[in-house]
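Quick mapping for you: the protein sequence lines, in order, are chains A and B. Position 182 (the first sequence) corresponds to 182 in the working numbering; numbering is contiguous. Position 152 (the second sequence) corresponds to 152 in the working numbering; numbering is contiguous.
Any given hint could turn out to be false.
Straight line, CA to CA, 25 angstroms or less: simulated PhoX-like cross-link-like pairs of lysine-lysine [to be verified]:
1) B:Lys85 x A:Lys266
2) B:Lys312 x B:Lys407
3) B:Lys525 x B:Lys286
4) B:Lys257 x A:Lys266
5) B:Lys257 x B:Lys286
6) B:Lys85 x B:Lys407
FYI, nobody ran anything at the bench for these hints, they're computed from the structure.
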Amino acid sequence: MTPETSPARSWFRPRTRLPLIIGALLVGVFVLCAAAAPLLTGWLGYDPYEQVGSRLVTPPTPPSRENLLGTDALGRDLLSRLVYGARISLEVGVVAEMIALAIGTFLGACAGYAGGRTDAFLMRCADLVFAFPGPLLALAIIAAVPEPETAPLLRHLPHPSVGIVFLVLGCLGWARIARLVRAEFLRLREQEFAQAAQAIGANGTRVVMRHLLPNALRPLIVAGTLGVGGNILMEAWLSFLGVGARPPLPSWGAMVTEGQAYFLAKPWVCVAPGLAILLVVLGFNLIGDGLSDLLDPRRGRAIA
Amino acid sequence: MSRVGTSRCSRPGGARGLLVLTLLAAAGLAGACGRSGPPAPSSEQVYRFRLHEDPPTLDPALANDEFSESVVLNVNRGLVVLDPKTLEIQPAVAESWTVSPDGLVYTFRLRDGVLFHNGRPVTARDVEYSFERLLRKATGSPRRFLLAPIAGAKEFTAGTSASIAGLAAPDDRTIVLRLAKPFAPFLSELTMANASILPREIYDDSRKAYLRAPVGCGPFRFSRWEQANFIELLAFDRYYGGRPALDRVIIRMIENKTSALQEYIAGGLDSLDEPPDDNDTAMMAKVGPEVHRFPFMGTGYIGFNLALPPFKGNVALRKAFNYAVDKQYLWGVLFPGSSTPANGIIPPGIPGHDPDLPGYPHDEAKARNLLAQAGYPAGNGLPPISCWVNTGEDNRRIAEQVQSDLKKIGVDITIREVDWGAYIAAVSGSPEKPGQAPMFRSGWSLDYPDADAILRPLLHSSNWGPSGNFGRYKNAEVDRLIDQALVVTDPKERADLYRRAERIAVMDDPPWIFLNYYQARTLYKPYVKGVVLSPLGKFRLPLDRLRIERGST
Numbered sequence: 001m002t003p004e005t006s007p008a009r010s011w012f013r014p015r016t017r018l019p020l021i022i023g024a025l026l027v028g029v030f031v032l033c034a035a036a037a038p039l040l041t042g043w044l045g046y047d048p049y050e051q052v053g054s055r056l057v058t059p060p061t062p063p064s065r066e067n068l069l070g071t072d073a074l075g076r077d078l079l080s081r082l083v084y085g086a087r088i089s090l091e092v093g094v095v096a097e098m099i100a101l102a103i104g105t106f107l108g109a110c111a112g113y114a115g116g117r118t119d120a121f122l123m124r125c126a127d128l129v130f131a132f133p134g135p136l137l138a139l140a141i142i143a144a145v146p147e148p149e150t151a152p153l154l155r156h157l158p159h160p161s162v163g164i165v166f167l168v169l170g171c172l173g174w175a176r177i178a179r180l181v182r183a184e185f186l187r188l189r190e191q192e193f194a195q196a197a198q199a200i201g202a203n204g205t206r207v208v209m210r211h212l213l214p215n216a217l218r219p220l221i222v223a224g225t226l227g228v229g230g231n232i233l234m235e236a237w238l239s240f241l242g243v244g245a246r247p248p249l250p251s252w253g254a255m256v257t258e259g260q261a262y263f264l265a266k267p268w269v270c271v272a273p274g275l276a277i278l279l280v281v282l283g284f285n286l287i288g289d290g291l292s293d294l295l296d297p298r299r300g301r302a303i304a
Numbered sequence: 001m002s003r004v005g006t007s008r009c010s011r012p013g014g015a016r017g018l019l020v021l022t023l024l025a026a027a028g029l030a031g032a033c034g035r036s037g038p039p040a041p042s043s044e045q046v047y048r049f050r051l052h053e054d055p056p057t058l059d060p061a062l063a064n065d066e067f068s069e070s071v072v073l074n075v076n077r078g079l080v081v082l083d084p085k086t087l088e089i090q091p092a093v094a095e096s097w098t099v100s101p102d103g104l105v106y107t108f109r110l111r112d113g114v115l116f117h118n119g120r121p122v123t124a125r126d127v128e129y130s131f132e133r134l135l136r137k138a139t140g141s142p143r144r145f146l147l148a149p150i151a152g153a154k155e156f157t158a159g160t161s162a163s164i165a166g167l168a169a170p171d172d173r174t175i176v177l178r179l180a181k182p183f184a185p186f187l188s189e190l191t192m193a194n195a196s197i198l199p200r201e202i203y204d205d206s207r208k209a210y211l212r213a214p215v216g217c218g219p220f221r222f223s224r225w226e227q228a229n230f231i232e233l234l235a236f237d238r239y240y241g242g243r244p245a246l247d248r249v250i251i252r253m254i255e256n257k258t259s260a261l262q263e264y265i266a267g268g269l270d271s272l273d274e275p276p277d278d279n280d281t282a283m284m285a286k287v288g289p290e291v292h293r294f295p296f297m298g299t300g301y302i303g304f305n306l307a308l309p310p311f312k313g314n315v316a317l318r319k320a321f322n323y324a325v326d327k328q329y330l331w332g333v334l335f336p337g338s339s340t341p342a343n344g345i346i347p348p349g350i351p352g353h354d355p356d357l358p359g360y361p362h363d364e365a366k367a368r369n370l371l372a373q374a375g376y377p378a379g380n381g382l383p384p385i386s387c388w389v390n391t392g393e394d395n396r397r398i399a400e401q402v403q404s405d406l407k408k409i410g411v412d413i414t415i416r417e418v419d420w421g422a423y424i425a426a427v428s429g430s431p432e433k434p435g436q437a438p439m440f441r442s443g444w445s446l447d448y449p450d451a452d453a454i455l456r457p458l459l460h461s462s463n464w465g466p467s468g469n470f471g472r473y474k475n476a477e478v479d480r481l482i483d484q485a486l487v488v489t490d491p492k493e494r495a496d497l498y499r500r501a502e503r504i505a506v507m508d509d510p511p512w513i514f515l516n517y518y519q520a521r522t523l524y525k526p527y528v529k530g531v532v533l534s535p536l537g538k539f540r541l542p543l544d545r546l547r548i549e550r551g552s553t
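Just chain A, same shape as in the assembly (with noise of 0.2 angstroms):
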């Protein structure tokens, strides 16, 4: 690995720092609360699916001492659910953005390292890709697998509906890491060390691998981060529409969805998730941001 540039004195700049802290505080909770859901909703005595208000009281019922946010519309406690629901919204945020990464490094490197044909071509269907309006494009795809509980793969997933959303998000979301993975390519690979490399007759793979991804990881890093956040509003926006996570699986946009009808009467049935998916999204963002302050030499040395 060839540092171009020692990050560390950045890190001690407030400017940088505060959005990470504050990025990192909230995601940190999201993160916590997703982690150790069950001991939390065992600590508060509700489980998620449980219907908990009283069999005489209509639900939704306002926050209270025994329901710290009220019940949902079926009169389950809504706190319990915005806990487990932290896990479906990062399940789907990094599982996805895992897919990308993995897919979109693979096809930029190749793109970005071989040149030529092979990258006009996989630019091409990046374009494709970025040419479909996303969200509807994952809107169709998942309304052509009607029941993700019985197709091949997904059955085998403990939410084959949350599966099939992170499967769909993750193979839209590599044309914008392949293009970021093959522009830096295309610089570090002119670079001395990439040409020295080459001259001393290290192969292609290990060049790629020992040479020009190490140096490409900084915007990787900040890409995925801000792909996270981008992901989670995507669940939400889809379960939204009622082709996200199935109920009775508590995702916050499915969520928000049944708050709408008591908006006005009740709010806090849709406010507590709606909060909950801003949220996390600002956090991720935050990071995003932070880490891309930090890590890029050319900003760093533009605010010093």
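Following the hints, put chain B in place on chain A, whose structure we already have.
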């Protein structure tokens, strides 16, 4: 609640009825604000009610929805009329009638002195003309089937015969109808708005002026219609039943639910079909005592696909599902006021409704036992089951509640929420091929108050597919009882046959999870007297018994 009465009658084998469509909230904000209704002098007896939008038609032959019927049933009259309260068939244009012992020949004696609004007396020729008009292909009536039991009706519609063989008017005050085969609900069918008696001189009009200014022999005569604003009816002084108490009826078109409610509270409406939700405490504090609740003729259920495993041939499994669902919670707490828990199929108010039917009260232990008996102890071994609903907040909540109830006995189901087109295709299948949906939420409201209007379309094996029997139920004894009830003429005996058929279908061989009997909720100002809360619903009501009694005047 939007219009329920948009009939979907597809009917090989005599099935008729209409699906209770998802009750979609009417979008759009074309409210009543800034739009003034017609003036209402206070000495007059004026009654104002609301429709969501203009009735599609005021031609009795074409009326196929509750909005049109709300006007037609007051402007026009048929041979017989339904008592909205008791649902008994009462004389109208016909003062009496006889039915031959074999149930084939109906002889009506017309009342003397029935006048059309243009002053001309009604004769048997008008009945002949009106029935021919309904059956004629050129009229394009969606409810031609009402008169189809008359001998020769099919040939007349097809054009192979110039007259209807079974329709005769031996003199000016007698009309004789001969049926091709006995059909017990025939008189009920003649009470429907479509079978109204019309004056030929008005309705034989190439310019179709009657579409905008209908003429009949009912208690109210048509006065004017301002599109998207109001329809005005005036009392008909020479109505055969005596001049109605109301001088004027104003039917106001207000689409938006909130605007209509504001208008009602401000005093611009005397009744309103959409009260605020029971949970809306602020509004209910204002109008709560004016909300009237009453059952109307409709039943909601979750159907099983009986052509496919696991429900095919597995009675214990279907019973287990029935016991698992807590209907009391659904309709008592989750959707208070909109329905009552159903113990069976035939809704209250319909002859044959059985209040003593045990049904399936919520019982988890029983459900678990039956599930084990069915071969799926604690749900183990069940294939994936999806329950289909058409898009709608309430449908989804019902399905989710059922899902959660079934989960408690160990059964996992998934919910498929799709638009109406995809839903009906997946659920109904075709007469030859079963639908793909293993379970589905559906509902049915009756076209006329006769158990035949729900049992035949939904459970008779001749109506597999889109006609109504989506789940492909077939029970030889139920088929036999439904058929037998059609040819028996004694009402008591018929009700008894339906009760027996229902008991078999509910207790021995359940085709559905029996969910709810629909309830109607309507607002009436306290000064409106003579209100009839009818199983016919909120719109299909004769208004000649209403009167306004304000305390001060």
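Now the hints, each set against the structure:
1. Restraint check for B:Lys85 and A:Lys266: the C-alpha separation of about 39 angstroms exceeds 25 angstroms, so the hint is violated.
2. Distance check on the hinted pair: B:Lys312 and B:Lys407 sit about 21 angstroms apart at the alpha-carbon level, within 25 angstroms; holds.
3. The straight-line distance between the Cα atoms of B:Lys525 and B:Lys286 is roughly 12 angstroms, inside the 25 angstroms bound, and the hint therefore holds.
4. Distance check on the hinted pair: B:Lys257 and A:Lys266 sit about 19 angstroms apart at the alpha-carbon level, within 25 angstroms; holds.
5. Of the supplied pair hints, the one linking B:Lys257 and B:Lys286 holds, its CA atoms being roughly 16 angstroms apart against a limit of 25 angstroms.
6. Taken as a hint, the B:Lys85 and B:Lys407 pair is broken in the structure, with Cα atoms around 42 angstroms apart against an allowance of 25 angstroms.
When each numbered hint is compared with the structure, violations occur for hints 1, 6.
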